[in-house]
Amino acid sequence: STDQLRRSFEEFDLNSDGKLDISEVKVLLKAGKPSMKDREIEAIFKKVDKNCDRCISFNELVSWVFSSEDSSEIAKVFHKKPR
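Going by our numbering, the sequence shown opens with residue 2, and the numbers climb by one from there.
Hints listed in this document are in silico derivations from the structure and should not be mistaken for laboratory results. Just so it is clear, the structure is predicted and the values come from calculations on it, not from any experiment. Yeah, the Cβ is synthetic: ideal placement off N, Cα and C, and Gly gets one too. Be aware that a few hints might be false.
Said to hold, decoys possible - Label-pair restraints from in silico Cβ distances:
1) F67 - E12: 16 to 24 Å
2) S36 - D4: 24 to 32 Å
3) N60 - S36: 25 to 33 Å
4) D39 - S2: 29 to 37 Å
5) S2 - R40: 28 to 36 Å
6) K38 - D4: 26 to 34 Å
7) F67 - A44: 13 to 21 Å
8) N60 - I23: 17 to 25 Å
Assemble the whole structure, with the sequences as input and the hints as a guide.
Written out as structure tokens, the structure reads:
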């Protein structure tokens, strides 16, 4: 649900600035798939960052999670707890 996604987004937003930068996305994706390569993460990041501001907003994430076939990895991770 969007509420659960919001809670998870806030949990992975390590500096509490309301968006995810590349380092936070790396923590997020590697929590769910430790073998994921940096280049794979960067490719996903570029797909999600629609306005190219080098950050992923909650709205960008929601749009991607609910509309993309390749969003299943990130959706799984958002249902897990980091650390």
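Original post:
Which hint numbers does the structure go against, in order from smallest to largest?
Top reply: Checked against the structure, no hint fails, so every one of them is satisfied.
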